[in-house]
Amino acid sequence: MSVLPENRSETVFKDFKPALTAKQAIVEANRCLYCADAPCIKACPTSINIPEFIRKIGTGNVAGSAKTIFESNVLGSSCARICPVEVLCVGDCVYNEMGVPPIEIGKLQRYATDTAIAEGWEFFEAGPDTGKSVGLIGGGPASLAAAHRLRRFGHRVTIYESRQILGGLNTYGIAPYKLRADAAVDEIEWLMKIGGIEVKTGVSVPVDLSWDALLAKHDALFMGFGLGPDSAMALPGGDLAGVEGAVEWIERMKLGLVDVSSIRHALVIGGGNTAMDAVRELCGLGVQNVSLVYRGTEAAMSGYAHEWTEAKNEGVAALWQTLPVAFEGTSGLCATRCVRLDEAKRPIAGSEFTIPSDLALIAIGQAKIGDLCAGLGIALDTGKVVVGPGGQTTHPKVFAGGDCVSGGQEVVNAVAEGRDAAIAMDALFREGRL
Amino acid sequence: MLSPTKPGFKKPDLTSNTGGIISPNPFWLASAPPANSGGQIMRAFDAGWGGAVWKTLGQPIQNVSSRFGAVGWNGRNGVGFNNIELITDRPLETNFREIYEVKKRYPNHAVIVSLMVETREEWKEIIQRSEDAGADGLELNFGCPHGMCERGMGSAVGQEPKINERITGWAKEFAKVPVLVKLTPNVGDIRPHGLAAKRGGADGVSLINTIKSIIGVDIDTFVPQPIVGNLSTNGGYCGVAVRPIALHMCASLAREPDFRLPISGIGGIANWRDAVEFMLLGSSSVQVCTEVMLKGYRIVEDMIQGLEGWMMDKGFTKLDDFVGKSIPHYSEWGDLDLNYETVAKINPVSCIGCQLCMVACDDGAHQCIHPNADAAIRVPVVDESECVGCNLCQIVCPVQGCITMEPVANGFPTASWNDHVEHGKVLRPKKGAH
Ligand SMILES: Cc1cc2nc3c(=O)[nH]c(=O)nc-3n(C[C@H](O)[C@H](O)[C@H](O)COP(=O)(O)OP(=O)(O)OC[C@H]3O[C@@H](n4cnc5c(N)ncnc54)[C@H](O)[C@@H]3O)c2cc1C
Ligand SMILES: Cc1cc2nc3c(=O)[nH]c(=O)nc-3n(C[C@H](O)[C@H](O)[C@H](O)COP(=O)(O)O)c2cc1C
Ligand code: SF4
Ligand code: SF4
Ligand code: SF4
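For the record, the sequence lines run as chains A and B. Positions in the first sequence are counted from 1; adding 28 to them yields the numbering used here. Positions in the second sequence are counted from 1; adding 830 to them yields the numbering used here.
Hint data in this document are derived by calculation from the structure and do not stem from the laboratory. Possibly wrong hints are sitting among the right ones.
[Said to hold, decoys possible] Cross-link-like lysine-lysine pairs, in silico, DSS-like; alpha carbons within 27 angstroms at most:
{"hint": "1", "chain 1": "B", "residue 1": "Lys840", "chain 2": "A", "residue 2": "Lys51"}
{"hint": "2", "chain 1": "B", "residue 1": "Lys1125", "chain 2": "A", "residue 2": "Lys135"}
{"hint": "3", "chain 1": "B", "residue 1": "Lys934", "chain 2": "A", "residue 2": "Lys51"}
{"hint": "4", "chain 1": "A", "residue 1": "Lys221", "chain 2": "B", "residue 2": "Lys841"}
{"hint": "5", "chain 1": "A", "residue 1": "Lys51", "chain 2": "B", "residue 2": "Lys1144"}
{"hint": "6", "chain 1": "B", "residue 1": "Lys1175", "chain 2": "A", "residue 2": "Lys221"}
Produce the complete structure using the sequences and hints provided.
Printed below as a string of structure tokens:
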């Protein structure tokens, strides 16, 4: 795995949700009711035993607490920071019903897992070798969770990753005020201590390695290749310097340096969570004027309300019911021509206007790239891989999970799906059916 | 920070032996509602409990409704717990059949049957039936402080060393499995009662049972709690609030040179730390009732993990490495060093300026914590020349570790009261006695 460069634009960001001190953690842990059949567990896609890990913080058994978390979610430290807990575990804490602030589950999870990683505690051992081998395509959260669980069962695993660095979007896509790339990489290095996870970076499947070769080498395959490049807007001027895909720009900002010193006005086009992140990232890097341009209303935006509230607090402006129609400029972007939309998202005649802009990040989604496994003959649905129980595709030896199946969810969903596919593969291996 | 369970790390051996009763770990359910039936005990064993003392068997009784009461503190329910229930209300045949089933399915777990009957013949019969059902040990309930004692059983036996010795003698005459005597704390000094059990031939003792109590009074209806119509009665007190009393009784017997029998510690154990304290004061196994009633069998996972982590941290490989280890540190008041001197130190960095220490010292101790001379600073100042080292400020301080009690090098050699009286050793000048 290649190392991260020291100089990265993301390093200027501080944690938006600061870590708890040991004292704060104990006070908060002792507030948890240790509910039975707890709703917070049900709201966690990886079903972490939340009351149990919190109780263990309270009794001083921090190692046991971290073990409980990683047992269900091997990216428990990343997820502690990046999960939208407001709509997951914390949102369902019973204290909400009482009108009392809910337990800070994410922060407690971070306290336990960060301690474990910092102390170098290890909890998991690879199982005895079964001789079975699985190839995993993509080195993001889904594949990492699958690979780790497969190793615990004693199966051999190889991850094929087209980039030079592991972790997928968890390493190069997450807003740095939630999780910086170095912390993401630390967690991956920690989970690799189980041993035997073979990694081949710089291998793009099937270009560099054919499906036939992979099927010949492995007893089963796991598709965890996520989504493709940012969807583009086919507009005049779309190829001007200064018009970029948001996810691509975020990756450059996280893994290297982006120069925003000359940007006076940046636009982010879209209304999803990538757009929410991008506007806050631009603000955090010091861009004076940042505007969100969204074709729908504020209420209709798919980005989380709690994220947008913070964006507004940080000074982001918004143009609702607005659609860019052309990017203008000679050597680079200078302005963006837009049109207002009505309720039915139809352009309103004569409403065109131009706003000055020297950077426009397009955040209208990422391409679904399921087609890349068309050669395997597995069923796809609008570019997403179709799976049944345990993540099995229509090809009995091929499993899949994460964004390439869902079309784009959270890291915690990718971890759950990768882990569950590993459990399903293991069962089939043991029954001699794979 | 506790060590984790590292792969390849040898886990300590938690096997416990209490007077010949062997269990895979020292955690037993106390004879009480959590150990009322076979189905419950099997679930408890599945959760990790090493043993269970069956709900006391005898002539089945009729219970009242309602029957429990509790005191809460600072948002925590059940810090102290009280009950007026009696021994089993289920037919003896049912209990014995279930004991048989539990032992058949869990041959390596300890099932101890608690008994309470009156006549020699009854003791003979019930012991025979318990052993036939597969009991690994017997516990003679000489402790129940309500209902049964009025019938000449329970604490009526436990409070009379002669009767205790006689009935223990009967039990030893009839029993082939080890016999523990469960002692009542409703006595001035526990030692004569432990010694009576020893003379009767007991293999060990369990303590404590519940403490006579009235948990509260409804100030609207004037009826004490728990209410039974318009009456109530005194009950038995237990839960974390009784732990200090139980620890003292455990230690009193453990350090009694004539006693030297194994002890199963009970009373207010809520987590692994509490269990460790009992073991350090001489308990070979520990029993839990209230915390299980409040939180369920699941608490044992952390108890086991926490104990293992603590043992690994201290380098202990088996329970005998530390059972009784604190006994040499428990002495008579007359042997304490009167020249040992501590003073309170406030850490100005962690102090939050609540000044609880100041009011406590002013009104409840020796008036030696004063406001800072600079009115803008809320960190109070300890006058060390006046501080008697009582710990009160440290106890009231809400910030863990903020006030520390630091030993003072006062130049006086060790001198206890006994040294002073017998050998004329010099005592340091008194502080705060003007
Ligand atoms: C801007 C942004 C912000 C986000 N913020 C959050 C957040 O705050 N919290 C949260 O929980 N989730 C967030 N997500 C979503 C989250 O990152 C994804 O759901 C998650 O990373 C999906 O994991 P995955 O393993 O399925 O795919 P990915 O993380 O996309 O990993 C796929 C990997 O496969 C590799 N790959 C692709 N094609 C090939 C090929 N042909 N051959 C070999 N390797 C290949 C890629 O290089 C990549 O490393 C965010 C997503 C984006 C875009
Ligand atoms: C509701 C209730 C019923 C109990 N019944 C019995 C009993 O039948 N026999 C017995 O020996 N002790 C009985 N006890 C006492 C417990 O076994 C135990 O000694 C006591 O509660 C102290 O432990 P704790 O603080 O963990 O609860 C009972 C306690 C409670 C709360
Ligand atoms: S719902 Fe809230 S209080 Fe209950 S266990 Fe979960 S975090 Fe604790
Ligand atoms: S705990 Fe169960 S048995 Fe007891 S009063 Fe409540 S509902 Fe009834
Ligand atoms: S009680 Fe503790 S926190 Fe409060 S003023 Fe005293 S030292 Fe400071």
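If you draw a straight line from the CA of Lys840/B to the CA of Lys51/A, is it 27 angstroms or shorter?
-> violated, 31 angstroms
Given pair status - Lys1144/B, Lys51/A, alpha carbons within 27 angstroms | Cα-Cα ~24 angstroms, so holds.
Given the hinted pair Lys221/A and Lys841/B, is their alpha-carbon gap at most 27 angstroms?
-> holds, 20 angstroms
Sort out whether Lys221/A lies within 27 angstroms of Lys1175/B, counting only the CA atoms.
-> violated, 44 angstroms
Does Lys1125/B pair with Lys135/A here, judged by a C-alpha cut-off of 27 angstroms?
-> This hinted pair holds, its Cα atoms lying about 24 angstroms apart.
Holds or violated: Lys934/B with Lys51/A, Cα cutoff 27 angstroms?
-> violated, 47 angstroms
Hint violations for this structure: numbers 1, 3 and 6, all remaining hints satisfied.
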